[in-house]
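4 protein chains.
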Amino acid sequence: MSARKQESADTSHHYTAKLWRQTLAALRGRERLAVIRSERLTQRIAGIISAPDGDPAGKARAIELGMAYLEMDDAAKLQFFRTLAKEFDADPAAVEAAGRRLTAATEPEERVAAELELRQALLPPRVELFRQLNLLPDGFRFLINMRADLLPHTRGDASLRKLDEDLKTLLASWFDVGLLNLVEITWDSPASLLEKLMEYEAVHEIRSWDDMKHRLYSDRRCFGFFHSKLPNTPLIFVEVALVNGMAGNIQKLLDPSALPLRPEDADTAIFYSISNTQKGLSGIRLGNFLIKTVVEKLGGELNSLKNFATLSPAPGFMNWLADPAQSQTLTGILSEKECTSLMDLANNNRAHEGLLALLRTRWHEDRKLARALKEPLMKLCAEYIIRTKRNGHALDPVTHFHMTNGARLERINWLADTSPNGMRQSAGIMLNYKYDPASIAANHAKYATRGYIGTSREARQWLA
Amino acid sequence: MSARKQESADTSHHYTAKLWRQTLAALRGRERLAVIRSERLTQRIAGIISAPDGDPAGKARAIELGMAYLEMDDAAKLQFFRTLAKEFDADPAAVEAAGRRLTAATEPEERVAAELELRQALLPPRVELFRQLNLLPDGFRFLINMRADLLPHTRGDASLRKLDEDLKTLLASWFDVGLLNLVEITWDSPASLLEKLMEYEAVHEIRSWDDMKHRLYSDRRCFGFFHSKLPNTPLIFVEVALVNGMAGNIQKLLDPSALPLRPEDADTAIFYSISNTQKGLSGIRLGNFLIKTVVEKLGGELNSLKNFATLSPAPGFMNWLADPAQSQTLTGILSEKECTSLMDLANNNRAHEGLLALLRTRWHEDRKLARALKEPLMKLCAEYIIRTKRNGHALDPVTHFHMTNGARLERINWLADTSPNGMRQSAGIMLNYKYDPASIAANHAKYATRGYIGTSREARQWLA
Amino acid sequence: MSARKQESADTSHHYTAKLWRQTLAALRGRERLAVIRSERLTQRIAGIISAPDGDPAGKARAIELGMAYLEMDDAAKLQFFRTLAKEFDADPAAVEAAGRRLTAATEPEERVAAELELRQALLPPRVELFRQLNLLPDGFRFLINMRADLLPHTRGDASLRKLDEDLKTLLASWFDVGLLNLVEITWDSPASLLEKLMEYEAVHEIRSWDDMKHRLYSDRRCFGFFHSKLPNTPLIFVEVALVNGMAGNIQKLLDPSALPLRPEDADTAIFYSISNTQKGLSGIRLGNFLIKTVVEKLGGELNSLKNFATLSPAPGFMNWLADPAQSQTLTGILSEKECTSLMDLANNNRAHEGLLALLRTRWHEDRKLARALKEPLMKLCAEYIIRTKRNGHALDPVTHFHMTNGARLERINWLADTSPNGMRQSAGIMLNYKYDPASIAANHAKYATRGYIGTSREARQWLA
Amino acid sequence: MSARKQESADTSHHYTAKLWRQTLAALRGRERLAVIRSERLTQRIAGIISAPDGDPAGKARAIELGMAYLEMDDAAKLQFFRTLAKEFDADPAAVEAAGRRLTAATEPEERVAAELELRQALLPPRVELFRQLNLLPDGFRFLINMRADLLPHTRGDASLRKLDEDLKTLLASWFDVGLLNLVEITWDSPASLLEKLMEYEAVHEIRSWDDMKHRLYSDRRCFGFFHSKLPNTPLIFVEVALVNGMAGNIQKLLDPSALPLRPEDADTAIFYSISNTQKGLSGIRLGNFLIKTVVEKLGGELNSLKNFATLSPAPGFMNWLADPAQSQTLTGILSEKECTSLMDLANNNRAHEGLLALLRTRWHEDRKLARALKEPLMKLCAEYIIRTKRNGHALDPVTHFHMTNGARLERINWLADTSPNGMRQSAGIMLNYKYDPASIAANHAKYATRGYIGTSREARQWLA
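Chains as they are written, first to last, in my numbering: chain A, 3 to 466; chain B, 3 to 466; chain C, 3 to 466; chain D, 3 to 466.
Hints in this document: simulated from the structure, not taken from any laboratory.
One should not assume that every hint holds.
Because identical chains share one entry, a pair is satisfied inside a single copy or across any pair of copies.
The calculated BS3-like cross-link candidates involving lysine-lysine, where the alpha carbons are at most 30 Å apart (straight line), are [to be verified]:
{"hint": "1", "residue 1": "Lys254", "residue 2": "Lys20"}
{"hint": "2", "residue 1": "Lys308", "residue 2": "Lys20"}
{"hint": "3", "residue 1": "Lys254", "residue 2": "Lys79"}
{"hint": "4", "residue 1": "Lys20", "residue 2": "Lys215"}
{"hint": "5", "residue 1": "Lys231", "residue 2": "Lys299"}
{"hint": "6", "residue 1": "Lys448", "residue 2": "Lys88"}
Just so it is clear, the structure is predicted and the values come from calculations on it, not from any experiment.
Chain A extracted, bound-state conformation (with noise of 0.2 Å):
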């Protein structure tokens, strides 16, 4: 990486840096920092926490720890992350006591008191640091890398991952979705910001400032939701393409060579990507929200627009597949003529294996094979979508966020997304969910009480 590019890189935290510096000299008349010694750690965050609000010597304070994080390498941070979760926990006998007393409460009053007090207890001190560093320019930024350094560590650390219950919970409060913006994203957006898009975008790579172009043409849109203290720096953002009838390959929605169509003549919005961008916001409940809203939005703009969906992968499909326990699952609902099929092509007398194996090859370049795999890998996918669940829940992430979202599937698309990518994951296949507003609320509440699977007729002949 060229000298240049690395200063782009480290853009973020050399930026804070600075802004800290330059506040730290106007509070102090001297750039000079004290530097932190680790055993005198705990003493500087009581220092911070005590701090009156606002005042000026305490915001140099927290300026100085802030700089002091910037510069700790992972050892140093985890040690950071323990200080915290174990000198600035709430404080377990409070907590007991507090309890006590609303076990003992017997008149409203006291009830009230002791609930209020119970709360107060279970709030730790360290909140209180957290609050003082967002005060900071740039504050919130830093909170948001912080979380995002600390989560690594929260599996099987009890004690951190409460401190990450801290974090979070202060995050969603100041993350609301009622406090963030819908903003649409343009050709005429700043650079910055698409590069941002560029290097968050999970779902489809953007692999070029042209393609990034022709996902922002006339027939094209992106909106994201923003921060108002993070200008630049889109949250969660999804792309949509304007078109006719339900798209149901991706090769062709992205090909920069098709003709655009006129917004005002197109009747469907595809929804074919949605990339959140910031680690230290994740468990945050934005992804629902951004859809809805944008569904809203161009509903509202566009009166040609009937149906909303999305064009998505099936990203668990061929690792349950790739299962032996799916042996009888193939067994069980493949036709007998269909499987001797299988067999057949795959030289292989068990229909699983010979399956596997066949799609371990590039059979989607071999029309015939093609051919012959279609009805089988479409059963299966149907079967593994609608019906395969876990803790009543649909075994595929994708599956499960749109179904919580109200959304229902549509259709079932035979080689949609033959990138090797789409290939090794899904077979080639995606799923369109439909978000019809007026069925939104029903969807949900069947599949969140019943883990009920809502389908159209299209999708459903494919199962058995």
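With chain A fixed as given, assemble chains B, C and D onto it according to the hints.
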């Protein structure tokens, strides 16, 4: 009030209702509203709470509820609050169960799980209703106004106070100072915004647009905290005068005929008024931050500024002095000669009674009388401000506010506010509280731990 | 005037000077200004004119000249204008030479060259000075104000009138309507901007901020043309009321106690006031465009609007009527009975004299008298407006303006403006001029070629 | 080119047409366009010119004409231009009459009147058409593009050249530098704007988005002049590198792997590229201002900057050198030894011929050869740049530009641009022209009056 003025006064209410009607029309294709009968209120609220994230049908129902609220009279609102308080409170059984699990927990994993569960159990379902309302256009303002409606009912009603706590906690996180913007308000600000300042100025009434303009002159400053979702509404604002030396007289400060000072010639910034505008945000810490943030900003902009201080009333002084108990205080503090003098002047053989009688006259217009009262009143005021406490806090609320903030008492000013209000509350006395960035933390700590009120030598001279 | 008001009144002058001092300090490293002695003025101007494009030293000298101008009294300014007029005019010899070459030219090439040369020769060198001044910060405003200073001197002084032509031509190209922005002015506009409206409203005085606010209500509109280099300064603005039917009374229109109409219920937009703000732009066509641009805009926004009309005074009516020559007009138009009645009412045996005497009383407060005067005055006003011409143009300046614009006279309104000014100028009569987009070109053409004044049947009824 | 790229290339044309269709639909209630037959062109234009100010019908007809123009092929456009040139030129009879009146005038009043009349007579009626077109949405861009279409036809056609003069004069007044904004272009600028920079960079091609980003790094600057009516279109832009010492090699300057410098550590700003973007604005002075405005701006922002200079090609050097006439120059300048050496190296007994032959090889990759050629080529280049004139101006166009601007020649750099283009045009030599604010006026004057080319001692050393 003219019809047109009326329109203006109701703006916020009408504006919100208009936005909602439009949104509803867009969501449903028609504007018609279902009427919500009070016996179905509980069911309605439950339906909104259980709607999936971003569900347009849920949003429409939330609008219907909000519209119904806007039309309610006080009694109906109280009924609505009681429903929320009673039917959508935290489940005591769940709280108890989680509490028991926490007590029983032995392993860290268990303990953390139980603690998180307890926190969750303590979160009433009505909070989800507030979140859904906040998603509506102008929902933010609606919730603030709703809390303003609720507050008068919380006295003596524990369950409503708890409901208020829930709303306050939510608003406090959304209005965290880290999420607000400090904005300078000038004569180039929108007239509608300045009109709000004129309406909300709580300390020294803004009498006319001319007066408003004078307060925004080249040697004046005005700053407010704003939330990006309420762009034209200062949540709190402070008015500042740039002067030479510590200003000790509010009438001189506000005199429109005085020659303006060149800002770069001023050595002192006087904060002479600070006002909250939203009852619905009461109890949420904003003022503590505002003064210090403005000190930081002005200090960075104008190098000539050396001192930052307030010119504040002593709003509780006259009330305190009127208490018969102060008869003893008076004789303890004043010299015998002073007491005799008071008795002579008042023609009353009790000094305290005599003083109070004199204070009911237009004494400050009588030069000789005023001269005679100066020493006694300044001493008594010093006693009131510096030595009179309740529960370890300064009795005077303004003193308490600035001490908590880390200021110190700099000067007591004689005949500093001769307006009727100033004479009635503070016998015309005003105080300078000085903000020295380097001493804020220490001042705050001394006051917080020992109730110690920092004073300058000049202020202390009035103590016996 | 208080010191602070004074500051405000001088704002523009001081503001410009302040900007220039700063720029000069940045250019030269110090603020010191050379004093320009009047005997060196010519040399100074020549130096600025000959500086290379964008030369910082030339810019500094231009600032010095500008600063000197700001300090000049009227006599010195006149001296300055005379210098420009005399020393920096087009060179007559060069003009003559080019003229001869043009006359002598036979080939197209020669002819074109000579014509361009002639054009060049006619362009005085002072125009380059104006360009250099325009490059200064706020230079735009400076030039406009300079022309406002110049205008009073141009009467009777041909060389100053020519100087003014140069400046006007330059300003006219810079303020070409194609370069201006139509901006809606609302109660959310900056207070400093609204203050300017209050200052510049030329037709119906805005009496207070309350009055200002009423004129920006939900059923009112205000639009102005702005130049991007003078962002807070409307060059011209128009006030509009949305009403039902053709409004015929200005007091009713401006009554703050009237209930506001829902804009979507209005069928007529009444333009009741149009005011220029910059004397320095007089003679530059703006008003012609403003009304029609606003008609186009409002028509696009509010489908319910069917009619666009003004409510205008007849400012020359009373003056015209007072002319003894109108004695004959009166007897020609009024019936014998009407004349007799006037003589009786006035107790004067000359009808014209009698009428004038009556009009000097508070006649409109006397119901009977008012009723008796209606027919005669309406007929006379119709005669004045529709039939009275000078050089083929309507004598009344407002009528001339709207006829040139392509409007037609729609209605003559009795007791439509009973303010002292309205009574004195127009005997309380006001007129509606209607703008029908489809007829503008035809109306304009008829008036331009034949002086024909388009009228509705209703207006024509008052003609004899 | 893909269909989508195509869309992009045509954007401006299509965008304008789309806007116009919408406006027309709004004006007329339908989108239908009258077709303009060429034989009625004159009549159509006359109709537009005579429409009253702001007439909606006139506006609609102007749109029809504009739409027709957008559809015209080159031949039809030429026809259109010829119509404007012939039918809508100034009236020669009126010019002559006014000329006669001017000659005959004796009194100042008469003289001024005649002169103004002459000016008016010289103003062709087609200028009013341009003004009407400029009133259309996007009309500004339309006129600029129209002039770009016109320019190629003006050679050898006097009447079209005169038409062009009219358009240029109008555009020059609308694009007067005093009306433009200097805007800094950064990586946060709209992608669509940066795309235009990539398209228009005329000096050192921007090869990719990565290259673009490097040119906007922390130690780079880019500024452009913008007009408020063309917000996303830089009219001209300049690229600057902040460096230490006078940069003498363009490849090093553009090397993306070089470590970026902290801006506050740079002592020199190098202007390494300046590009116009609008052919339709050619001949309008912008570049002269841009460099000096940026010098002023950067000087004010970064105190460490001491020098401002360009790194420029000598685009005419190799052409000049190739002229057989330079055989004599060469022998006049080079020492005998140098001539002999050239003959030896080239194996050619004529030094000039030999040199030219050597320059056709990849000589700069041969260290020894390059060393041998350095002295002769540097001397010849100095001769070319400093001493070679035509009509008293520097022959090299870049030298002429910077001398007119008031710069001086600071250094001649060997092997400073080894790109194919750099070798072909300038034998790899580049020049630094230095802008010293204090000397600009003097440098400019010496060059303007005497053709004197200012040089540093270092540059002069290469002169014989």
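Enumerated hints in conflict with the structure, sorted upward
As far as the earlier hints go, only 3 is violated by this structure.
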